[in-house]
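> Sequence:
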Amino acid sequence: MGKVSYRYAHIEDLDAPTMYALLRLRQEVFIVEWGSSHLDIDGRDTEAASVHLWAERDGEVLAALRVVQESDDTLRIERLATRFGARGRGIAGRLLDYAVKMAGERRLLIDVPTALEPWAERFGFGRAGEPFLAEGIQQVTMAH
Numbered sequence: 001m002g003k004v005s006y007r008y009a010h011i012e013d014l015d016a017p018t019m020y021a022l023l024r025l026r027q028e029v030f031i032v033e034w035g036s037s038h039l040d041i042d043g044r045d046t047e048a049a050s051v052h053l054w055a056e057r058d059g060e061v062l063a064a065l066r067v068v069q070e071s072d073d074t075l076r077i078e079r080l081a082t083r084f085g086a087r088g089r090g091i092a093g094r095l096l097d098y099a100v101k102m103a104g105e106r107r108l109l110i111d112v113p114t115a116l117e118p119w120a121e122r123f124g125f126g127r128a129g130e131p132f133l134a135e136g137i138q139q140v141t142m143a144h
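Counting from 1, one number per residue, gives the positions in the sequence shown under the working numbering.
What the hints contain is simulated information worked out from the structure, not anything from laboratory work. Quick caveat, the model's predicted, so the values are computed rather than measured. Don't be surprised by glycine CBs; every beta carbon is placed ideally from N, CA and C. Hints are not guaranteed to be accurate.
Now the in silico label distances, taken between C-beta atoms and shown as ranges [what the hints assert, rightly or not]: (1) Thr114 with Val32: 27 to 37 Å; (2) Arg106 with Met1: 31 to 41 Å; (3) Lys3 with Leu133: 37 to 47 Å.
Use the sequences and the hints to build the structure in full.
In structure tokens, the structure reads:
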């Protein structure tokens with residue numbers, strides 16, 4: 001097996017097979033595994049300010065997220081997904097680190113399941129609201 005590579009791009013710089021692989025991972029995690037009924041392809045992937053970050057090995061996407069612009073000084077991490085067999089290896093954490101660095105001085109938000117709140121705290125995020133229920137999963141907004 002090859003080394004894990006970390007990449008980022010705006011949608012106009014992604015080739016069709018890579019975008020397909022990113023969307024497929026999100027469908028596998030959010031729709032199949034979690035049973036979510038929300039529309040994952042929501043138009044935000046194509047916004048000029050949106051950036052896709054992903055990790056791959058031997059052409060297989062292992063984890064991905066997107067960063068969208070919430071306002072002039074605030075960004076939001078969305079669609080963080082890790083392939084089942086790639087969890088627990090620090091791959092998503094590296095993507096989160098990259099997103100924090102990309103944000104610079106801007107505020108960075110992320111909604112995480114409450115069970116992952118301690119994980120997000122390791123990357124400098126702190127609770128920024130009360131827990132809420134989304135798609136049957138207890139979540140909380142965190143800010144960096």
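> Measuring from beta carbon to beta carbon, are Lys3 and Leu133 in 37 to 47 Å?
holds, 39 Å
> Verify the CB-CB distance for Arg106 and Met1 against the hinted window 31 to 41 Å.
holds, 36 Å
> Take the C-beta atom of Thr114 and the C-beta atom of Val32, compute their distance, and say whether it sits inside 27 to 37 Å.
Check failed, 22 Å falls outside 27 to 37 Å.
Of the numbered hints listed earlier, the single one contradicted by the structure is hint 1.
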